[in-house]
Amino acid sequence: MIRIVLPAHLRMLARVNGEVTLDITDRATQRSVLDALEGRYPVLRGTIRDHVTQQRRPYVRFFACARDLSHDQPDAPMPDAVARGAEPYLIVGAMAGG
Amino acid sequence: MSAVRVLVGTRKGAFFLTSDGKRKQWDVSGPHFAGWEIYHVKGSPVDPNRLYASQSSGWFGQLIQRSDDGGKTWEPVGNEFVYDGVPGTHQWYDGTLRPWEFKRVWHLEPSLTDPDAVYAGVEDAALFRSGDGGKTWQELRGLREHGSGPSWQPGAGGTCLHTIIQDPSNPQRIFIAISAAGAFRSDDAGNTWRPINHGLKSEQIPDPNAEVGHCVHRVAMHPSRPNVLFMQKHWDVMRSDDAGESWQEVSGNLPTDFGFPIEVHAHEPETIYVVPIKSDSEHFPPEGKLRVYRSRTGGNEWEALTKGLPQRDCYVNVLRDAMAVDSLDSCGVYFGTTGGQVYASNDAGDNWEPIVRDLPAVLSVEVQTLA
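One line per chain: the protein sequences are A and B, in this order.
Those letters in the first sequence? Residues 1 to 98, by our numbering.
Those letters in the second sequence? Residues 1 to 371, by our numbering.
So that you can see chain B by itself, here it is in the shape it has in the complex (with noise of 0.2 Å):
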């Protein structure tokens, strides 16, 4: 009988949501780490039961979580994230330069084939892995120095690393993405990057050809078709169908095309989500009505999910990593909002319904599918 385990990050703790095949009944685990920011949790694809959660606070900084029982127990593992080298300059909001600082861990994406493997997108933007389950961390500092990174400056959020995609075709090449840098991609597993942002435009980088300072929110790709890959950018929502070499808008009808996530169906590598909100200054849906907006056709034609999803008075916003599916026959997304609201849809979109409602502010939604 095959289940679902729906990880849950938020504001204050890290919440587990099971439910069987049929997905209507759900049960609610947590808060763990309660009082904690928990940006980011996701198991292993090698090995279901090994979770790795990221945890931290304002107070008392990042620490890795691990557990090896699908989340019954963990275990604090390693928290040393430092810059392998001098780690130098980057821009402030301000124009000036200020050194690299480690703040927090924003997502962590486990390997493809070894469980004791993770890697860890950061802010200041860096990326760094980890091959002993957690507790040592090493920089893979050939992206943050591979040229352009004095030029990166934070977004509003941060100049934080969001995505880590691993290509399962070809173990040599990784694709992640920063805000307000753009997105870049390494064919030597993680040692030497360059920018692949030919085709973003941004209004307000004055360089129509600028290779970097685009504010890419989140990148996906489904695994059969490695090479396609699918942008929520700030505005924008964009494709690229040779692993980032260019890339073209396929915001087609949306009704606005800013927005945070952006997932791919597990099964069909051209149907595609995103979540429209208002604005960069309004974080929340247009006319107040929570839309999901379906692409069959890999973009430009889109239609709004609607069932079971407030059509008036809801003013939430969509993180960009509060998005997943999972990969039984009937493909389910689900999704959480700053509201504390998941939502979750058994029929690849038609029909949802609120999971659980009264969380924290969700920060991230990971799914496993488990036998």
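With the rest of the complex left out, here is chain A (with noise of 0.2 Å):
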């Protein structure tokens, strides 16, 4: 089980409230646990990574065992913890402007 933890803004538009948890079958990585969150909630296709490049948004970051994986490869494994679900994946909006 994977925990993910969106922004409010992102919570808002899921209408979800607290942690995401969710079932990965396949090796926990960035892209499948996007993939896979992005399945369950659609409407958050575009919001966290582009819809054709799927490039990570500008003012997106990911956090997770106090670790910046915002630029790590997309297709490598998660942090164990992340993996076990004993530490949450964080999707953060960046603290910019506005």
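These are calculated hints, taken from the structure and not from any lab test.
Hints may contain errors.
What the hints assert, rightly or not - Pairwise CB distance ranges, derived in the manner of DEER restraints: (1) B:R98 x A:G85: 24 to 34 Å; (2) A:A86 x B:K103: 36 to 46 Å; (3) B:N170 x A:T53: 33 to 43 Å; (4) A:P58 x B:N253: 44 to 54 Å.
Claimed, not checked - Residues of chain A clear of chain B, computed beta-carbon distances all greater than 12 Å: (5) M1; (6) D23; (7) D26; (8) P42; (9) T47.
Claimed, not checked - Covered stretches of chain A, as calculated for chain B (at least 3 residues, CB under 8 Å): (10) 53-60; (11) 66-79.
What you are looking at is a predicted structure, and each value in this text was computed from that prediction instead of being measured.
For glycine and all other residues, C-beta sits at the position ideal for the given N, C-alpha and C.
Put the two chains together into one complex, using the hints given.
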């Protein structure tokens, strides 16, 4: 089980409260987790990653286990604690302007 | 009993203002989509309960929201705006070429005949259409690819397609306008396009006959006379009597001919409204006096409308999509400011009052006249 913490605006958009949990059957990577997240909540498509390029949107960051995963390869394995559900995967709207 | 609903898009959400036909007492609902930029909200002329909203943020990109109950509830619909084919490049500020890149939807224009059909004007400039209530979007690529596209260069606000006008007498004809590119017309329902900028003069463009590059801020049309167009250009207020084939300046006695919105009275096709702004570097009214100017002669002769508007220390702007009219017997005129006020006149501009005054900066104002 993967635990995901969404930023407030995306929680509201997905109409969820608190953490989202997902069961990932494949190896847990950022790509597989985000694919599963968007599969369950299609409204989030395009809000975290670009529709076409699948690149992370510039002001969205990914954190887990006190590490910034934003620049990790999307197919790199998630930290073991995230894959086990011991630690959440944090999707964060960067503090920038506005 | 008639009623009016004013749809206000702001930097931090949408607000809906409703009143009966007297337009004296207003109820304000919102913020809807709090914290998001709402560039535009507009209702279907066929089904006034069908509303479309452009919701975006620098963090999470673009969403399109749809309501089927007049704004009480909303559903996000499709947000995939993908240029058709290989998008190619257009000019950047420094003259280098940049790939076309979708940034946001500036303007939504529901079809005149089908509540499920809606056009979207986007940045980087392109026109999209949905025929399924906003679930999916297809680019009308003939505009971007008609020939001049690679020479389009962004204005200060970006390369945005901000005006979409459908000809009610000819479903094949659509007008659009793009900031810093110009006005364009299609006579085959959006498949092919050509620039319609003959007669526009822009100081910074050395070629007096330049087909594109003119910074059009807004174009308006009265539905009873679809060949007559009015334009607020970066500088100059212009008029065309031949569906954009040629333009004549009608700035006349305006104190400044810079501005953003332009609107036409609902029942008097020669009565038009602008809000003069001091200059392109000083985006506020001249002398700190907020004045709407009205011409009853289709331009050239203008009168200042000031009653109820601040006449000192006012330094707000009125953006291009932030003015609209209702269609009640005594035409209502509405506009919103970057200071968060929405002003309304229920007598065609003679008298004004703020119907809400402390919103986030207003990006757009649309009005629905309800039976």
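Comparing the hints with the structure gives:
1. B:R98 x A:G85: 24 to 34 Å: violated, 43 Å
2. A:A86 x B:K103: 36 to 46 Å: holds, 39 Å
3. B:N170 x A:T53: 33 to 43 Å: holds, 39 Å
4. A:P58 x B:N253: 44 to 54 Å: Because 47 Å falls inside the window, the suggested range holds.
5. M1: holds, 25 Å
6. D23: Its Cβ never comes within 12 Å of chain B, the nearest being 25 Å, so this holds.
7. D26: holds, 25 Å
8. P42: violated, 9 Å
9. T47: violated, 4 Å
10. 53-60: holds (count 3)
11. 66-79: As far as the stretch 66-79 of chain A goes, the hint is violated, because 0 residues have Cβ atoms under 8 Å from chain B.
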